[in-house]
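**Q** Put chains B and C on the given structure of chain A with help from the hints.
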Amino acid sequence: MPGRCAAKALLGIFAFCPVLSSSVGMKIGIIEHIDSAHFLPGHPKCGSNHGHTYKVELIMEGEVRNGMVMDFGDLKSCLKSVLAEFDHRSWNDFLEYPSVENICHLLHQRLRNQLTSPFSLRVWEGEGKWAEH
Amino acid sequence: MPGRCAAKALLGIFAFCPVLSSSVGMKIGIIEHIDSAHFLPGHPKCGSNHGHTYKVELIMEGEVRNGMVMDFGDLKSCLKSVLAEFDHRSWNDFLEYPSVENICHLLHQRLRNQLTSPFSLRVWEGEGKWAEH
Amino acid sequence: MPGRCAAKALLGIFAFCPVLSSSVGMKIGIIEHIDSAHFLPGHPKCGSNHGHTYKVELIMEGEVRNGMVMDFGDLKSCLKSVLAEFDHRSWNDFLEYPSVENICHLLHQRLRNQLTSPFSLRVWEGEGKWAEH
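Protein chains in written order, with our numbering: chain A, 1 to 133; chain B, 1 to 133; chain C, 1 to 133.
Hint data in this document are derived by calculation from the structure and do not stem from the laboratory. Please note: incorrect hints may appear among the correct ones.
Taking lysine-lysine and the DSS-like style, the derived pairs with C-alpha atoms no more than 25 Å apart in a straight line are [unchecked claim]:
(1) B/K129 to C/K55
(2) B/K80 to C/K27
(3) B/K129 to A/K76
(4) C/K55 to C/K27
Bound conformation, chain A alone (with noise of 0.2 Å):
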């Protein structure tokens, strides 16, 4: 009843169709997944080569416009193609100490020259433990 809908609208009644015309705004969240290798050096449990999966939740800020902040499938390709060169390889070949922080603030750093919004970004190295920047 999409007609309906834009009936009221037009009549001024904003109850059934109340985010048409508004300005709002608003935080969206996606999330990918990677699987890389890492170990910190020196570190005594986390010395030895091994790996987790990284699930990355990227939270954006902003003004809801024509019915999105952003459209998801445009953020998810910026941050796909971010994370693209690290899965299925080691954080070690780009971070002298790989700590969920480090690699936290080396993808913030990647996706600032991409986002004009402002945004965090919490990564998950395995269960139970995250970083956000």
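**A** Relative to chain A, chains B and C alone:
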């Protein structure tokens, strides 16, 4: 041994019963799911009718009184009553452009009529994609 | 190829080694679980003795030093040592009214004695219900 605990409270030994008399600000959250159809008119990927399991997380902030910000049962009843209208329906019957941002805004408006404390709403469209208002 | 990376850092090419020298504020989080019994005296639904798997997320904010806000291992040891007292026990042995808000507050107090950086605690009572302090 609630008796032992109460006795200590009377003696002013709050280390074991720390929350009996204090008023503390906290956040609480509850999650519900509904299954609904939608399509985004004119969108290259989402233009055909399809559907998602929507996860809806309601986050409320308030003072802890009598051990609770709000009874989870009451908060869940409130959220369920709002969601019932949209479960196993098409969002396109209610919104011209049912992006998850617009869905989130619509649900936020409905809840605003029922809740007096500040709250936010995070709506997940399937896995790994959400909007928060 | 950490050697290549280090060489570039020496040359001031930080694009590939962006986090070696910076001091950045970040959040980190860890998650642990315990299984405990509780009942809420006089509550219509929760008045009988039952139990939950409690998921406890500890979120700490701080500066990244030597690649970490805090070693996950140390933070997990700290949280585990606090939780051990309550695992496979009844919260009613410790609290008169063990709502998840009061449980969260109790755990927060115990951790406050051990952690010097600001932190928050989110306690999940089973699925889809949590309190954060």
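**Q** Would you pick out the hints that fail for this structure and give their numbers low to high?
**A** 2
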